[in-house]
Amino acid sequence: MAAVGLSITHLLLPRLGDVAFLVSWVAVTMAAFLGGIGPGLLATGTSAAGYAFFFFAPLHSFRIASSFESFQLLLFVSVAAVVSAVVGALRHRSRRLLREQERAWVAESDARRFAERLALSQSITSDLAVAWTQEDVATVLVKRGLKAFDAKAVGVTVPISTEELDVILQVRYPARSVAPWLRIRIDSDDPRADAFRTGEAIWLESPEEFVRRYPHLREKMRGDGAWAVVPMMAHGRPLGVITFTFAAPRSFDLEERHFISFIASKYGQALERARLSEAERSARARAEAASQRAGLLASLGVKLNAGASLFDVLGAAANGARGVLGGDDAAIWLAEPDGHHLRGAFEIGTVGRVGALHDLDQLPHSREAVAHRCPIYFTAAEAGGEEPAWFQRLGIESAVAAPLLDEERFIGILFVDYRTDRFSRSPEDLEFVNAVAGLSALAVARAQVYEAEKKARLRAEAAEMETRRIGALQERLVAVVGHDLRNPLGAIIMGAERLKTRRRNMEPWERSVVALMMRSAERMQGMIADVLDFSVVRRGGGIPLRTEHVKLSEICRHVISELEQARPGRSVSLRVEKDDEGEWDPGRLARVVSNLVANALQHSPRDAAVEVRIRGSSHHLVLEVHDSGPPIPEAVLAAVFEPFTKGSSPSDDLSGNIGLGLYIVREIARAHQGKVDVCSRADKGTSFIVKLPRHPTLDPQAA
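Sequential numbering of the sequence shown, starting at 111, is according to the working numbering.
FYI, nobody ran anything at the bench for these hints, they're computed from the structure. These numbers come from a predicted model, not from an experiment. Some clues are possibly wrong.
Stated by the list, open to error - Listed next, the in silico DSSO-like pairs over lysine-lysine satisfying Cα-Cα at most 27 Å (straight line):
| no. | residue 1 | residue 2 |
| --- | --- | --- |
| 1 | Lys661 | Lys688 |
| 2 | Lys330 | Lys257 |
| 3 | Lys661 | Lys413 |
To be verified - Cβ-Cβ distance ranges computed for the label pairs, FRET-style:
| no. | residue 1 | residue 2 | range |
| --- | --- | --- | --- |
| 4 | Ser401 | Ile278 | 24 to 34 Å |
| 5 | Arg203 | Met331 | 52 to 62 Å |
| 6 | Leu208 | Arg385 | 54 to 64 Å |
| 7 | Ser536 | Glu496 | 23 to 33 Å |
| 8 | Glu496 | Arg385 | 17 to 27 Å |
| 9 | His345 | Ala481 | 16 to 26 Å |
| 10 | Arg201 | His368 | 25 to 35 Å |
Ideal Cβ positions, reconstructed from N, Cα and C, are used throughout, including at glycine.
Using the sequences plus the hints, can you model the full thing?
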């Protein structure tokens, strides 16, 4: 700018007159003066031009202004202009320095505030790093949060379900002002719900703004300050909301909002960590408690399994339950068959509960435990019915009543008594009581079954011994009687035969008497033989056989002839369809044929025919005795081959039948390795079918 000024001066001065020069000089001087006091770089440049003009222009103008006075005036004005320019430059620099200092002060203040907030943030982060419980997080929030933001009160709201939020911490709020804000729905029009749903902070800088945004909450609003409702974010999702309440209205600048949100996120992360830590500790504690309880149950199970008798099991159950549940006394009452009464079965101590009968209706808590199939804990103050007297007699303050259930069967009740009210009513403890009761119920049920089986076995053994004793007596009696009866019967038969052979000129009535004597004696002889055979079979020896090669048809003809003579007017037909030879005991087969044919004649009408059929194959032979009489009743048919089974007709009693004939038939068939069956129908009559092998393989002892 100085060079431009000099150039202009040198170009213009030779062409201007004195007046023009003076005017130009004055204008440039004013510009220099104004440039000295004017602001900016342009003014500074103009001042420099003025300096150059007034230092060089006078020297060039000596030939125009030659008088001394003019020179003095010009010199004075030049000096004044220079001084003014210097003063203006100094003022401009001073202002610039002041502005730079102000900016430095602002930057220093910002740096100090940033350092303070950074230190506060680090302090809060450090404190939250060692906050392992929600209570610790709340303590840090109260200790640091209120001071950091100069807040009057603070509250923490977290979700308690997928639909609701609730306050878990509130500090310095009046009790009357907290109640309306405790629980809200997540979808409600509330600053906390809005912040939780959107994940964005709600800044309410005055009561007017609060009412403007939430007019329906006017009545619930307390205070005349400001509110900052900030979500606690962790991993991009809200964990809850922190509400800071300030005493007076205030504005939240962008930096402060970021800082408050940052600190809130730190609290959210710490709260989430504390929740996870508490959940882990709780899960670990539950696992340890479950492991300990499993060990206690295993130990109790060993003790219960060691008990042999019901009394031992009841003692193990009562003592074990008292030990694992930490009780002072224990007792077990067993249910009576009616299910409405309990009888004391075992108790620890002597208080007179064993043997006593109790009405379940007079024990309300026991009745409730049975009805709900779960243990119930109750105190002396809650007792009813006969329970208060029981509590007073035992000197206890509380008790647990646990039903003993074997699936759906009610066995009894396990009582564990406490002298103080110290039992926890937690679901875990009650579930443990239920497990102890269930284990005890299984052991008691097993012991009851064992006791019942033992009693039944003893009764059965006693009955079997008595049966054997009576059977032995009967067999001895039968053997003795059978042996003793044989001799007189033999004498009767022999006498009757002599009368029949020696006295040929007997009267008809005499022959009839002799024939009757012979038939009666032979029938008695058959009955004695049946009884003796029955005695042999009952002893387990089986009917002995003496086999030889015989023809079954010859045996049948002989037996049929004797039976027809004994029953005049009755006829029995014989039909042989196959070779009837085999290895059998002829005497035993004669008994089989005699018993079957006699049975057919007895149970068929006098004019009905009885037929004996012999058929078979190369290995077996079948003997069938058929009559057309009435069918055998179903009740008799099922046990027709059992000993002492007789028909329902009166003739069975009049004939002297003792019910062993068919039984002996079956046993003789079995002795020959054969079998006997019966088929009885109203339209076809009754058939007894004996199937025998032609050459049975007999036990040498049986032969």
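Hint by hint, here is what the structure shows:
1. Lys661 / Lys688: holds, 11 Å
2. Lys330 / Lys257: At roughly 26 Å apart (the allowed maximum being 27 Å), Lys257 and Lys330 satisfy the hint.
3. Lys661 / Lys413: violated, 73 Å
4. Ser401 / Ile278: 24 to 34 Å: holds, 31 Å
5. Arg203 / Met331: 52 to 62 Å: holds, 56 Å
6. Leu208 / Arg385: 54 to 64 Å: holds, 55 Å
7. Ser536 / Glu496: 23 to 33 Å: With Cβ atoms ~28 Å apart, the hint holds.
8. Glu496 / Arg385: 17 to 27 Å: Given range 17 to 27 Å: violated, Cβ gap about 48 Å.
9. His345 / Ala481: 16 to 26 Å: This hint is violated: roughly 49 Å between Cβ atoms.
10. Arg201 / His368: 25 to 35 Å: violated, 41 Å
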